[in-house]
Amino acid sequence: MKLRHAVAVAIFCGLASGAGAAEIAPGDVKIVEGALDTPLTEKAGDPETGRAIFANRKQGNCLACHMVTDLLDTEQFHGEVGPALDGVADVYSVGELRARIVNPKSELPDTIMPSFYRAGGTNRSAEKFAGKTILSAQQVEDVVAYLQTLKE
Amino acid sequence: MKRVISILAGAAMLTGASYAVAELADGYKAVEPTSEDSPLTEVISGYEFRIKSTQETQDDDFENPGMLLLDQAADQWSVAEGSAEKSCADCHGDDPLEAMQGVGSTYPKFTEKGDHRAFRNIENQINHCRTERMGAKAWKYDKPDLLGMTVLVRHADRGEPVNVVVDGDAEALFERGKEMYYTRYGQLDMSCAHCHEDNYGNYIRADHLSQGQTNGFPTYRMKWQGVGSTHRRFKGCMKNIRAEPFKVGEDDFLALELYTSWRGNGLPIETPAVRN
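Order-wise, the sequence lines are chains A and B.
Okay, so the first sequence: first residue is 1 according to my numbering, each after it adds one.
Okay, so the second sequence: first residue is 153 according to my numbering, each after it adds one.
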């Protein structure tokens, strides 16, 4: 009885996570030649949500380091630590943009830019954040979708 | 940023004198690093990166809210406390600003002799006098009593160049602090150097990044609505990168304080500085 119950729970959990989308776990990500062509989730990224994540100080906060003209109307402070991202979609493939967000350190080991979807590899993370990625797989896809709208 | 660096380096070279302050085209004042080993080509106080109204609040002793703590500490100086029933004045003399001249600019450092010898910042030295010499209770870190007395000791050297020594017994701590400075911490995985060496002069969102110098500490900070210690600021920077900070007043932050202070050797002490 007990055993069957456990099996049932296991199947149910498997279904639950499978139903949303098969996600690539941070540890299974493989960046090849600076690109990550396979999306992290099955559900396509939503550019509008991505735009909000990009600006949100508690989520992507990409705006802390990057200026983007598209957000000048609504957001007062745009950082200048990294390059402006106007037109990035003309320069990089979607796979390159995804890789850049997931783990920029794979190409640029010394970069200040955080790795938003990387398993571990950090030092003295506060308890609340330890072992967690900065963005979820779906959030990464949303931001990638937003970056793809940045064309000139 | 690159442009600014070359202008500054040029101006600093022209002045020649090691503590000479160069007024620059873009408004930053810089001093030359005092050591050839410094990673910086220009040493700039956090003051230079603040807006004019903040600078003016610092410059006017009547407006500067940090001065209130200084006044309180000056009164406390002659209050006898502890089992020895002694005041600071009983041993150090009646005028605290005179007694403490040449002290604040040299900390953190090794102090005292024999069993009492240890590496201390000003806070820990004051508490050493309280517990060992006055038989009084140590003051709590980052509370008004200790902050105020620390402000007083530093203020006695206001305008004097930061001058910490990093060789001899301090070398191991210096190396440890240096390593910490370049170590990535926290979920955001950044080092002090990423922001304060590679990016000073740049805006990170709404914040104008400085070199993260300590010459104004303890500092009045508008965000804190009060005065805070160097270690409190370190803690805040670590929390911002989602890291577990080290403990205030203890060895790790003392090592980092030594190393960070050394990067600012030559900068005039501003205590109590005003920051946003």
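Think of the hints as simulated: they come from the structure by calculation, not from any bench.
Computed from a predicted model, the values in this text were never measured in an experiment.
Ideal Cβ positions, reconstructed from N, Cα and C, are used throughout, including at glycine.
Just so you know, not all the hints are guaranteed correct.
Claimed, not checked - Dumping the calculated PhoX-like pairs for lysine-lysine here, alpha-carbon to alpha-carbon at most 25 Å:
| hint | chain 1 | residue 1 | chain 2 | residue 2 |
| --- | --- | --- | --- | --- |
| 1 | A | LYS128 | B | LYS204 |
| 2 | B | LYS391 | A | LYS105 |
| 3 | A | LYS128 | B | LYS289 |
Unchecked claim - Output of the computed footprint for chain B on chain A, the stretches with three or more beta carbons under 8 Å from beta carbons of chain B:
| hint | stretch |
| --- | --- |
| 4 | 68-80 |
| 5 | 84-97 |
| 6 | 126-134 |
| 7 | 140-151 |
Unchecked claim - Here are some of the chain B residues that sit facing chain A, going by a computed Cβ distance under 7 Å:
| hint | residue |
| --- | --- |
| 8 | MET342 |
| 9 | ALA345 |
| 10 | ASN351 |
| 11 | TYR355 |
| 12 | ILE356 |
| 13 | ARG394 |
Hints, one by one, checked against the model:
no. : hint                  : in the structure
1   : A:LYS128 <-> B:LYS204 : violated (38 Å)
2   : B:LYS391 <-> A:LYS105 : holds (22 Å)
3   : A:LYS128 <-> B:LYS289 : violated (35 Å)
4   : 68-80                 : holds (count 5)
5   : 84-97                 : violated (count 0)
6   : 126-134               : holds (count 7)
7   : 140-151               : violated (count 0)
8   : MET342                : holds (6 Å)
9   : ALA345                : violated (9 Å)
10  : ASN351                : holds (5 Å)
11  : TYR355                : holds (5 Å)
12  : ILE356                : holds (5 Å)
13  : ARG394                : holds (5 Å)
Hints 1, 3, 5, 7 and 9 from the earlier list are contradicted by this structure; the remaining hints agree with it.
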